[in-house]
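Trainee: Each chain, letter by letter, is given below.
Protein chains: 2
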Amino acid sequence: MTTRTPAPRRRDAAGTRQLLLDAARRRFAADGYAATTVREIADEAGVNVALINRYFTSKEGLFEACLTGAVDELGRTVAADVTLAEVPHAIARQLAGPHVGQHPSLLVLLLRSSGDERADEIRRGILRSFAESLATAAGRRPGDDKLLLRAQIALSAALGIALLRSTATMEPLASAGEQELLEPLQDLISGLLARR
Amino acid sequence: MTTRTPAPRRRDAAGTRQLLLDAARRRFAADGYAATTVREIADEAGVNVALINRYFTSKEGLFEACLTGAVDELGRTVAADVTLAEVPHAIARQLAGPHVGQHPSLLVLLLRSSGDERADEIRRGILRSFAESLATAAGRRPGDDKLLLRAQIALSAALGIALLRSTATMEPLASAGEQELLEPLQDLISGLLARR
DNA sequence: CCTAGATGTAAACAGTTGCTGACTTAACCC
DNA sequence: GGGTTAAGTCAGCAACTGTTTACATCTAGG
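First to last, the sequence lines map onto chains C and V. For the first sequence, the numbering used here gives the first residue as 190, with consecutive numbering after it. For the second sequence, the numbering used here gives the first residue as 190, with consecutive numbering after it.
Worth double-checking, as some hints may not be accurate.
[Claimed, not checked] Now the stretches of chain V that chain C is said to cover, found in silico as 3 or more residues with beta-carbon under 8 Å:
| hint | segment |
| --- | --- |
| 1 | 218-231 |
| 2 | 248-259 |
| 3 | 314-320 |
In case anyone wonders, no lab produced these hints; they're calculated from the structure. Don't be surprised by glycine CBs; every beta carbon is placed ideally from N, CA and C.
Kindly generate the complete structure, drawing on both the sequences and the hints.
Mentor: Put into structure tokens, the structure is as follows:
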């Protein structure tokens, strides 16, 4: 069985660029920015180290590209106008959905600081906008800081779960599936954000 | 005004050891293990770099010492037999209590992986034991995995808040005080862990 | 076919990392 | 007070970091 792709070209800029992005995202999410080596990333991608600087100028540039890529992907899966009832499903899917494994949780990436100011500003921007969406879904009116705070706490919870699942090996949390996470998440979200 | 300490000795092993521990905890919590340099720690402690290896054998040894120190301190502030109603208070205090600032949140340290197996095992051990205590406080009976999962999620939430407060600058979460955190935390905990 | 530009490779650079050894200096005891 | 030991200093090493530079090789267009 040969490959189906029409052009199995041995030199493909866009292709290797994507290989690097995928490998980088995995390593950054798993080990953090500082602990990850450009050579590790290149090896995992099966690509020469120098290409990182060719395609992304620097390690920070690569990280930034991972981040903006993650934004797009998240923006596609999580619509901006979710209802509060859908939120637990969205979180559970993002934490343990069928896609995870090859694409390790994007959420973890949002907790990985690079120290670079530009990249960190992107990170903060995404987080803020997520919290806003969540607060809006919960019925926030402009100026309502208390509900915004609650939305940020809910977001913290989702990110905390993602991080603990990936760095600590804490059962049953680490290997809980989408279904097992759903019910607790529903209780958490409704306890925190439901109108009373 | 001279110093009040009875013995202002210029050479004090225990003293400088503690200086190193404090500085290391701050840096590790703020920047993570890999991004923190032994020279940074030594400078912040106002101490020669070589003393880190003298007193703690290695950077990893220092991190491990920070971790076990944090265990003791947490074990003292958070008793093992808390009631469920006290949990939100304990979390809020640990997140934003009056002591924070000089002693940046111990919780963040528990999310900082060093890559060293020994240190990470300590970390996991603490987290597991905390989750157990929480589940017990919620009325867990042996073998009840569902409630344990919920306790681990609650713990994730607390840690996530700690991390987001320290790495993202997300208002109003970042500068919320103990009181402002308490009410949402109560709703979160009761929604997640209360018997229904 | 054959050349020009795109793609990939190899080696080395300068700076930083954690760590070590030989050394100096202060504190304590008789 | 001299001498012994603990406490602190200093310079440097070997390994690793991100990055660059000069070079090889493939691919497409004329």
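Trainee: Would you mind marking each hint as holding or not holding in the structure?
Mentor: Verification of the supplied hints:
1. 218-231: holds (count 5)
2. 248-259: violated (count 0)
3. 314-320: holds (count 3)
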